[in-house]
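Colleague: Sequence order for the protein chains is A and B. Following my numbering, the numbering of the first sequence begins with 1 at its first residue and continues without gaps. Following my numbering, the numbering of the second sequence begins with 1 at its first residue and continues without gaps.
Be careful, since some hints might not be right.
[Unchecked claim] A few chain B residues facing chain A, derived, Cβ under 7 Å:
no., residue
1, 6
2, 11
3, 14
4, 21
5, 48
6, 49
7, 50
8, 61
[As the list claims (entries may be wrong)] Have a look at the derived ranges for each label pair, beta carbon to beta carbon:
no., chain 1, residue 1, chain 2, residue 2, range
9, B, 103, A, 44, 37 to 47 Å
10, A, 36, B, 117, 27 to 37 Å
11, A, 140, B, 23, 23 to 33 Å
12, A, 22, B, 94, 51 to 61 Å
13, A, 10, B, 29, 46 to 56 Å
14, A, 138, B, 19, 32 to 42 Å
15, A, 104, B, 23, 13 to 23 Å
16, A, 108, B, 19, 12 to 22 Å
17, A, 40, B, 62, 40 to 50 Å
18, B, 24, A, 44, 11 to 21 Å
The hints are simulated quantities; they were obtained by calculation from the structure and are not laboratory data. Built from N, CA and C at the ideal position, the CB exists for glycine as well.
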Amino acid sequence: MTCSAVDPRELERVRQRVFLALFIALAVALHAVEYLLPSPLPWFRFGLANILSLTALFLYGPRAAWAVTLSRILIGSLLLGTLFAPGFLLSLSGGVLATLLMTGAYRLFRPHIGPVGVSVLGALGHAGGQLLIAWLLIVRHPSLWLMLPLFLLFALISGVINGLAADLLLEFLLQHPAFARLKNSCRLSTERRAERAPRSDLSGGSHKMPARKCAGFPPDNEETGLP
Amino acid sequence: MALAALWQRLTRFDRYLLLALALLVGVSFLLPFGRRPGARVVIAADNRTVFSAPLDEARRFAIAGPLGPTRLEIADGAVRVLDSPCPHKVCIGLGDARRSGDLLACVPNRIVVRVEGEAQGADYDLLSR
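Please construct the entire structure, taking both the sequences and the accompanying hints into account.
Modeller: Put into structure tokens, the structure is as follows:
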């Protein structure tokens, strides 16, 4: 928004790059924080960094999600000193399978699926991918699969939590004028709830959000962000 | 109320997907991943192996422990404790042991029953899909 005489598409591209860098930075931070948290078993992690991959997926599409996931794993592992250690391979395989499932689901079911559905699929993919690589490369003992059900249950729960967090983050971000152009392309829970409003008035104050958003930033069209 | 507001964030598709995946996870708890039916019963009394028998031959027998004889049965490819002189009868409540690695123990009578080996022609296996 500082430069005035630029092509809006160029501006949009730069803005996307800047936001992706921010997402990656945040994802690396979450990755590191999660590594520092004590956990009962090495693989029981929430995968909080996936919130940022989800956000990138819903804002900028599958390529952005891949960029966030892969950069986060590489940079995060580099920072933590686990790059190319066995744990890194587990992290990478989990991340790749999760992103594969998430982008696949996004492409296939886009108008219907929301961040929570995508997130749960990704979490289960993460768990499955990690266990598969652990079995192929590290322990190769059949009793490893005894952990699978517990592991999947944990992934399911953390997937729901991450999905809700991503949905909240998306709602928050789309209030900002920088994302006004994207608002038309991604149907998010704010709009969904607004649509549902006539039918159920259960969630009282929350559908006031879109209204406030529009009032705050009147130019809700192509010119947004250009002075 | 906060939970209901969060639930509103899911699309209808999300809810069905969540239900299906939860069922899948539930089913995965019931599947015996990577554990095949065992081949032999090995029984230790007071840390010494006192008895070993194949799991596919039905029989009933008794093992002597400090409290008295514990009666066991091998039938249908599983081993179970029929009767034991211990006070709480936990070992009887443990039910059947049929898969490799399963364990029955009667701690008061110091008897440990293990299922070992893998039966030939074992049933399905997750990894062969």
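Colleague: Now tell me if each hint is right for this structure.
Modeller: Evaluation of the provided hints:
| no. | hint | verdict |
| --- | --- | --- |
| 1 | 6 | holds, 5 Å |
| 2 | 11 | holds, 4 Å |
| 3 | 14 | holds, 4 Å |
| 4 | 21 | holds, 6 Å |
| 5 | 48 | violated, 26 Å |
| 6 | 49 | violated, 22 Å |
| 7 | 50 | violated, 26 Å |
| 8 | 61 | violated, 29 Å |
| 9 | B:103 x A:44: 37 to 47 Å | violated, 25 Å |
| 10 | A:36 x B:117: 27 to 37 Å | violated, 44 Å |
| 11 | A:140 x B:23: 23 to 33 Å | holds, 30 Å |
| 12 | A:22 x B:94: 51 to 61 Å | holds, 56 Å |
| 13 | A:10 x B:29: 46 to 56 Å | holds, 53 Å |
| 14 | A:138 x B:19: 32 to 42 Å | holds, 34 Å |
| 15 | A:104 x B:23: 13 to 23 Å | holds, 21 Å |
| 16 | A:108 x B:19: 12 to 22 Å | holds, 18 Å |
| 17 | A:40 x B:62: 40 to 50 Å | holds, 41 Å |
| 18 | B:24 x A:44: 11 to 21 Å | holds, 19 Å |
Violated hints, in rising order: 5, 6, 7, 8, 9 and 10; the structure is consistent with all others.
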